Each structure stands twice: as structure tokens, then as C-alpha cells.
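S.K.: Chain order of the listed sequences is A and B. Note that my numbering gives residue 575 to position 575 of the first sequence, counting from 1, and the numbers run on in steps of one. Note that my numbering gives residue 291 to position 291 of the second sequence, counting from 1, and the numbers run on in steps of one.
Some hints here could point you the wrong way.
When the alpha-carbon atoms are kept at most 20 Å apart in a straight line, the in silico SDA-like pairs for lysine to any residue are as follows [claimed, not checked]: (1) LYS186/B to LYS446/A; (2) LYS328/A to LYS446/A; (3) LYS464/A to GLY32/B; (4) LYS192/B to ARG223/A; (5) LYS39/B to ASP134/A; (6) LYS200/A to ALA51/B; (7) LYS192/B to LEU158/B; (8) LYS135/A to ASP59/B.
Hints are computed from structural coordinates only; laboratory data are not their basis. From a predicted model like this one, the values you see are computed outputs, not experimental measurements.
Each chain is listed here by its residues.
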Amino acid sequence: MKKVLTLALALTVGNAAAQSAFVWPAAWTGEQNTANKRGGELRLSAISDFKTFNPFTSSEADSITQRMTEDSAGLFFQDPRNDEFIPYMAASAPVVSNNNKRFVVKIRQGMKFSDGQAITADDWITTWKIHTDDKVGSNSRDTFFLIGKPITVKKLDTYTLQFDFPQPSASALSIMSYAPWPDHVFGKAYREGGAEAIKKMWTLATPPSQIVSPGAWVLESYRAGERAVFKKNNNWGDWNKDGRGQELPYLNNLSVRIVADANAALAAFLAGQLDTVAMRNADDLAQTKKAIDAGNLKAFLKANVSPQATSQWITFNWNKASDPAKQKLFRDVRFRRAMSHIANRQAMVQLALGGLGSETYFSTYPIFKQQIDAGLSAGAPTYKYNLAEASRLLGQLGYTKKNAQGFLVDKAGKVLEFNLSTNAGNTVREQLGRIFADEAKKVGVKVNFTPIDFNTLVSQLTSKGENRPFDAILLGLSGGSNIWSFGSNVVPCGTNLHSYNNPTDGKCATSQEQLMTKLYYQGDAELNDAKRRAIGGQLMKVEGELQPVIYLVGGNYHVAYNERLGGEFTANMMDAYYGHRYFPLTFVK
Amino acid sequence: MIPFLLRRVVQSIPTLFLASLLIFFVIQLAPGDFLTPAKLNPNISPEQIAALESNFGLDRHPIEQYLLWMKNMIFNLNFGLSFQYQQPVLDVAIPRVLNSLWLVLLNLIFFYAIAIPLGVFGAVRQNSLGDKAVNVVLYFLLGFPSFFLALIVIYFILQVRNATGWDIPINGMTSNGFDAMAPLEKVWDVLKHLLIPALVLAISDAAGLTRVIRGLMLEVMRSDYIRTARAKGVSERTAIWKHTFRNAILPIVAGIGGLLPAAISGAGLTEVVFAYPGITPMILDAINTQDLYLIAGFTVLGTVLLVIGNALSDILLAVVDPRIKVG
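Just chain A, with the same shape it has in the complex (with noise of 0.2 Å):
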């Protein structure tokens, strides 16, 4: 009897388990782990030291917490294969109603801490809550609102959760998809103490063995400006599983060493003391190729997986009282138009980029493939490269003479110039700066390129009013997903990087800019990809018409690890926005 009992209570814990347990799909890994290796370290490296353990007052890109729980904690999940959200530490799809605006979610049972606490839905609610105070200073703030307004979460039950946004939201499931950190350590501390108390926890001197981590990785050591080392959370295999039942995951360790610079970090993956590292151009790709060449590293390297998720572009000054005729200058639609077709994007991706870089002509990065098809197919215009087209619609501005100097001058003998500014000391930018002056000369447009101080640089372009400080500025932005790639601070008039007009009242100057800002939140609160997709193309169409900003080149991602690694993506999976493996799912042959 007490052997069938025993067996009924097994079978219905197994049961029970198998139910709340994630499977990843064998589909996420072109290499599979069938010889059931377990074990060893990933090694990686970061360039800058480690600022905090802190999940509410980091601010870097590559945290300790983010390497914690990166691909392996928060609601849902984004499928690679069609960027599709499924339900993660969610049980299932969310109850959706209210005009979408309200999201049930039931969490998945059975999940734990690294510290053995059940995760239940106080967890989310505390980090939330502690996000959201202006007063811990947390950098994901800003996640927690729309249009200024902000988005709510409720407990329902231990493990149901209701999330209210103002208005409906496509990247609705992604700003759900929060890491949960531990409400018995946080919000503890945060109901008595406040915001002080919470930014004086989880320090650098805070020893190892008191964080706890909802992710597959745990802190085990930190060696400051040396190296984290990450322990797998044992508790995470209980709900995660490969495709054939065994938890997850395969490694034991992730080890981040810190170097001193992206070459030092190039020079220890060389050496085959790291598995994987960034290859920035085509120096670090010959010196791989190098070094696998000749039998020193065995490595897996592959050129141009896809563009990178980075835009570099032309800014022109709307905002300019100080000189009206340079301020209808810039806001002339055939000025702008012009000053694209001069911009020589094959040079650029040829001698700046080292032939390794893809021509942009959208905000939309060209790596969310899906939205500039969109776009092309609802009409954009690129303006290409064509002198003759420039200086046809230069003429049409009235420039048709030139001065002995080559450049073309107006009624009054007043040379075409303009000044144009990048950030000093990125070589990039600088050199295509010096190819757009150069081929502006040509058709006798005098441009004044000066590299100038980064910090003088943003001030200038995110300042305020009817008389900003600048004529034109090269720059880059980074950032953005591929559900809705248009930012929220870029597109709708009056936000901080709206950087072509940007007068004291935030207002639009055109009724393209109008429609823009109208399209963006348009967009945006539409679930439907297709739809949405398809008033983004809409937006992109506006967009390249006006040509507010001129869209020039963005640098190409290129996959490098040492061959020791399984577990990585197929091939056609790869690219800048999702890389090249989920950590899980990756194992030391």
C-alpha cells in the first residue's frame, strides 16, 4: 500500500513539475546537446569594472544583474524564429481586456529564488514599486510609463498578477517582461527604509553568498576590476528543461573577466582565454581569421551576419533665430533632400566601415527586416547618392553661381556653408564627416567639419528653444526593439531627441511632423504586427519625404566564439538584436 501511495505521489509531483516547467524549444539551437555534456565555464569579458549589484541603481549595459538573469527571467520570452512573445515565467498568454489596456497573467507555480523562496507575485509588485521611485533613481523607470502616464501592477492572488496600462501598448508584453527581484530581500528593506535604504544594498562590498537571483546564473565571486564568477541557480533547472526533459543549465559556471580595452579583450580570445568576443571591423576579423589560419585558435567566425542595431545620421538645426536665412535654409525640404543625395553611403560603408557596414536610409535600423519591407512596399523614397540631383535642387534654391572658391554663393555673394559637428575621438563618425564635406565640395556646398567634445556635443543637441546652439551635428543612436522600432524620444514633436526642431513650446513645424508624432502613438497601441508594421511603413514613408534627419550608414555584426562552445543558434537565427546563443542553452563540448 504504502508503495502505490508512494508511486501515486511521485507521479503526481512529476506530474505537477512537468506542468510548470518551460521547455526550450530544440529548435533555438542549430547544435544540440545529445551527448549530455555537462559542466564548465563560458568565459566572457566586459570592458568596463562593475559598478554595483544592485538591480535598482545600475546603470550599465552589462550589469552583474543582467548577466544574472539574462534570457532567463520575466514574464514572457521573444521566440528569435518570428519575434514572437511566449508566455516565460508566465504560466500562459495573458487574459487580455478593458481595449487592451488590462493584462491578467497567471505566473508559473513552482519557480524559486537562488535562495530556495518561492517566486510568487509580490515579487514582481516590489520591483516594480521600486522601480517606479523617482527617488531610487532606477534607469528602468522610464519603462514604467506611457505618454507620462504610468502603467500599474496589482496582486491578484500569490500567483496572479493584473498589469494596467494607460492606453494599449504593442511593446505591452516586453515592458511586462521584467526580472522579479526578491520582495523578502527588497521590499523588506524598501517598507522600512525607503529609497535610501534600497541604494544602500546589494554594493560591490556586499559578499556573494547574500544575492539571490531569479535567473539561471548566481553570483559566487567578485574580484574588483578582475573577474564575476556566476554560479548556475540549481532551483532555475527545476522549471527550465531542454527538449528532451533535462534541466537546465548545461554549464556550470559564467566567469566575466574585466580587460583593460575591446583589444586586450580581442588579444585574450585570440590567446583562447575567452570563448566569445565583439568583433568590431575588419582589423579584428583579419586578426581572427589569422590566428584560426594558423592553427593557434579554433574558432567559429562568420562576416556580415546582419547590419547592427546603431544608425549614425545628419542633423539639421531648425531652431536657428540668431540667422533666419540659414533657418529657412535648413528648413527647406530640397536643402535636405539634397544634402542626401550628396551623402556618398558606398564611400562611407567602404572607407569607413572597411566594407562592413550596410547604407541606412530610415530611422528603422535595416536589421528589423520586417518594418523597412514594410516601408518600402508603402512607398518610402530613399535618396540616393547623385551630385547632379544636389545641385539640380541647390539650383532650385537659387545657388546656381559659384565664387572663385568653387562654392556656390546666392544673390548677395553669400557662400552655401554650413558647420558641422561630431564627437571627437570617434574615428568612425570622423571620417564620415570628412567624406560628406568632401563630396559636398564637389558640387560647391561648403561644409566646416570640426570634431568637438561629446559632452558639448549632446548638450547642444538636446537643448531647447528658438535659438540652439548648433547649424548641423553627426551623431549615432543606439537602442530600440523590434516590435515598435521607433523611438519614443525621437519621432513625436517636442521630446528631447526630436533634434531637428525642438523650440521652447515642443510644437510640430510641419504637418509631416504632426502626422509623424500622430502615426508613432498610432503604432505603437496597435497589438496586431501586421497592422502596426504596416503604419510604421506609413510613418517611414512621411519620414523619408521630409528627410528631417539624414540617415547615413550603420556598422555590420559578426559572430566569433571558440569552437569548445555548442548550443549556438542555426545560422539564419543570428543577428545583431538577438547574437548568436542563449546562454542556457549553450554547453562546453
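Chain A is already provided as a structure; the job is to place chain B on it using the hints.
M.R.: For chain B alone, kept in the frame of chain A given last:
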């Protein structure tokens, strides 16, 4: 002695005040602040930036910031909060200072162990082939910045490593799995990592001191009392080490005060080249990100130590040279 120290303390107040003023406002002169890069982030709203500015006190007038910083420093020994680390400056800096200290101490040992014998040898065997050979090598090294020498050394180590498979550490302070090591293993592991950077630093710095010692020794060796001592029949060893060397090193003792701030300011770019977790990489990072209080706090710490170090070397000088009195 006590009045001397008291006078020193009083004298140091205006020095420190002016130094702190200069440090703080020179940093302020640089355009932008810690939050500038955040302004280019499409995901951070201007409201959030404004909230952070008031959190960090960056929205206040620089003079107000300075006074607040001074007040906290004097009354609470609080050097301010590092923006990046969200931690008191001292908590961030002290582990790094300790790391640098090990490197600098080992470097000093090598430094004197190389410079003193070579300097004395050069003086005793003046213009011999050996002296000339040492001179050539030292002049060569004198013209080399230490970080460049470090790069060359790393290159050669890598060649040796590729050829022999010998695992010579070239960066960091510890090996993988350091935490699991036995105490003695740990000491050996750190020493292994320190050896090459310390040696590189000592060799490139020793050139200067060797020349100084050589010159001073030569000068003293020609003086009457050495001749007298030799005439009285003291052994060559006593003549050189007891009579000559002791008198020749006085100017070096006077310079020891500079070692204290040097010890905490770390080993400079050599640390960067060897990816050693010392002070320099941290300060460079702080300058890069305009982490105001970390830079200012650390520089003030250095200035204080310079003042203390100078007082110390004055005292030391009095101990070595009975002609000098403090007080």
C-alpha cells in the same frame, strides 16, 4: 617635535583648501556631467534625467556643491558618493588602494634592490667597462615610458608562451578559481601576477635613481673624511657602505615623503596595460564618466598624503642627519 608637527598641520590647512578648490572647479570646468550620455539614450525621459540630477545634487550651483562637499568631508570624513557605484568614495577607493599598494611595495623593493647596487657599482668602478655598459642600458631605459616597456615585455611573454606553453600570467591580480585556493597558494598566485609588472616598473624607474646614487657616491668618495678613513686603514667595504653610502643617500631620504602619495596613486599606465585592478584604471574610468566626487575625493586623499609624507621625510631626515633639527 610636537610644535613642529602642529605648525605643519596649521600650514597644511590653506594648502589643502586651495588644492580642494582647484580640484573641484577644474573638474567643473569640463563641459557636461555624469548624466550627459544618458541624455542621448532614447529610453530615458528628460523627467527622469531631472530627477537623477536632483538626486545627485547636480542641479545645484557648483559653489553650493563645493561647500556641501567640504562640509561633509571635514565634519563626517565623508568624501561624497560616487555616481557610478552609488557608494561612498572611500568604500570604492580603498580596496583599489590596497591592490595598488601591493604592487607599489614590491616595485619599491625591486627598485632599491636594482638602483642601489648598480649606483654604488658605477661609482666604485667609475668608467670601467661594466659601468659604461650599465650606463648605456640605463640611458636607454630612461627614455622608455614604463607602459611601453610593459607592452614589449607582454609581447615577449606571449611569444614564450606560444613556444613553450608555459603559463606566465600577464594580466589581472589572481587566477581563475582563486577563491578556492589554500592561503599559501593564494599568496603565491598574487605574487606570480605582481612579479612582472613590479619588475617592469622598477627597471624603468631605477635608471634615474641609479644615476643619482652614482653621482652622489662619487662626490662623497672624493671628500677628505673618506680619504682619512681609508688612510686609517678601514676596510674597503666599510669605507664604501658605512662612510660613503650613508652620507650619499641623504637627498634620497628627503625624497621618501613623495613615496606615500605615490604608493596610493598606484602604478599608472602599467596597471592599465597589465589590467591590474589598481587605482589608475578606476580613476581613468571615473574621469571618463565624470564621476565628480570619486575624482575629487581621491585627489584630496592624495594631497593629504603628500602633506603627511613631506612631514615624515623631514622627520626622517633629522634622524639620519644629526645636523638637521626639527622643532
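S.K.: Would you mind marking each hint as holding or not holding in the structure?
M.R.: For each hint, the structure was consulted:
no.	hint	result
1	LYS186/B to LYS446/A	64 Å, violated
2	LYS328/A to LYS446/A	17 Å, holds
3	LYS464/A to GLY32/B	16 Å, holds
4	LYS192/B to ARG223/A	17 Å, holds
5	LYS39/B to ASP134/A	17 Å, holds
6	LYS200/A to ALA51/B	18 Å, holds
7	LYS192/B to LEU158/B	16 Å, holds
8	LYS135/A to ASP59/B	15 Å, holds
Checked against the numbered hints given earlier, the structure breaks only hint 1 and satisfies all the rest.
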